Each structure stands twice: as structure tokens, then as C-alpha cells.
Amino acid sequence: MCSLKAEDRLRAAAGRANLAKIQMLLAKSKDDFKKVYEKVEGINLEDCIKIFEEMENKYGEAFAKCNMATCCLALKRDEDAIKFAEDSIKIVKRKPDEFSKAYAELTLAYVMMTSRLSDFKKEELSDEVYELIRDAYEKLEKIRVTSQFTALALEAIAKYLQNEINYDELLKELDGFVEELEFAKELEDAGDNKKAWIMRQFKDAVKKKGDIDEDFLRLEGVKLLLA
Amino acid sequence: MFFKDKIINRWSEKGYYESKFIIMDKLGTLTLITAESEDDLKRAHEYEKNILCAL
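Chains A and B, in that order, are what the protein sequence lines are. First residue of the first sequence: -17, per the working numbering; consecutive thereafter. First residue of the second sequence: 264, per the working numbering; consecutive thereafter.
Hints were generated in silico from the structure; no laboratory data involved. There could be a bad hint or two in this list.
Output of the computed footprint for chain B on chain A, the stretches with three or more beta carbons under 8 Å from beta carbons of chain B [to be verified]: (1) 120 to 132; (2) 191 to 203.
Distance ranges between label pairs, derived from CB positions [unchecked claim]: (3) Cys316(B) x Gly192(A): 26 to 36 Å; (4) Lys191(A) x Ile286(B): 18 to 28 Å; (5) Gly278(B) x Glu161(A): 41 to 51 Å; (6) Ile270(B) x Glu120(A): 42 to 52 Å; (7) Asp117(A) x Ser300(B): 42 to 52 Å; (8) Glu151(A) x Lys267(B): 34 to 44 Å.
Quick caveat, the model's predicted, so the values are computed rather than measured. For every residue, glycine included, the Cβ atom is placed at its ideal position computed from N, Cα and C.
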């Protein structure tokens, strides 16, 4: 990998980070998430982060660290997950791209909520988690992207976990987000189809499971962050 | 002569792999964005893997 030109190393890092995202979307078990760490053509996610750091590609570094946080959460490496999510917020904090900031905020909110689920259910951490989700939502709404429904879905999950809404209300909310995303997809010919699909998959998984528990949040819920 | 060899003759090996990378990169990104099923994601996975092979 080191023998490659700088430009090619960046391309390889971007390619590997995208591949990690797809691997996580396809993951069915903890073992599948373990594979995200493995090297593909001599490069893994940690190498990606190093390359982005060396090349001072801040957005790439933040994106790779969010991926890493998501993967660590699935593998119950909670301290690492929080560290990577916090790092990615620090990296994009002073950058102009609102989407990257919102993406990092949603990742941290989700990691905090899931890694300390019992505390969150007792309404500890609520202020921090809801503030992150709302900040992210405002940014996403301002730039008019459909990722705002991811923020709303996380808020609905948080409310369900704290018994503010019941199971039927949660399903109704998720149904609404799927409809909105399907509608947005029809409006744009070459739009982002995968968001609607991921949201539908999540809704179906909640229906099948009948509840949301910690393992479900770690292995299924994390996929909302990758939409 | 295969298509690949023709391109290499005309634009060099570097040119061939650069073109392949760009095509795979675009295919991977578009397939991922427009994914509506697990099969679409698997195709995007293959394209992204090929990007790394092309480097």
C-alpha cells in the first residue's frame, strides 16, 4: 500500500471506506461485522484512517471514523466506538460541510444511546442524546436532504426506548418515514433509493422482532446510520 | 487482440487501470446510491472490491 502514489492511496482509502459501509449494510451477524476489520487488497479501515490523516483529508478521516464507530458498536467495543465518534465530530466541527457534521452527531448520539442503554432508559443521558439528534436534524433540514428522516427515526427510537411512545406508535412513525423517502425517491429520477430501502428493512425487522433490545440496536439499528 | 490489450497499446497500462478505476468507482457509487435490494448491495460490493484490485 505504501508503494502507491499519494493520489492512489487516497483512492484506495476512499474505496475501502465505502466497501466497509457496504459490508456493514450486508452484515447479518457479529461475525460479518468482524470481517469489516479485515484487510481487502492489503488495506483495512485503520489503514484508511491513517491515510486520510497523512493526506490531511479531513472529511475522509471523519467518514472513516464514523464507519469505525459504527463497527465498534456492533462488536461491543463501546469505548472505542465513543472515541471514534467524538473524534469525527472534532474533525468536522470547524468545517463548512453541514452534512458531515450532522452525520457525526447522529453517530455519536446513537453510540451513546446504545452503549449505555440501561442508563438511557432511566432517562440519564437524555439531554445529550436528544440535543445531538436535534442539532443534526436542524442541519439536515437546512440543507434539504432526505437524511433528516434518519435523524427523525433515531428520535422515534429514543422515545420508544424511554416509553414516551409505544410500539404501535413507533411502527406508525417508521411507516411515515418510509413513505416520505419513497415519495422523495419518485421526485428525483436519479435519487438515493437506498435510504428508503434501508428504512423499510429496519421497519420490517422491528415488526418481525416485536421489540427493540440492545442486540437489535447493535446489529440492525446501526444500519440506519449508513443510509 | 482483447479489448484490454488494445487499450493498453493505445493509452499504456497506466491509462488502462486508471480508466478501469474511474469506471468501477462510478459504477460502485451509483449502484450503492440506487440500491433497492440485497443483490444491488452485493453488486456494489463487487465494484468497490474491484476498485481496490485496480489500484
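Checking against the hints above, which ones are violated?
Per hint list: 1, 2, 3, 4, 7 and 8 violated.
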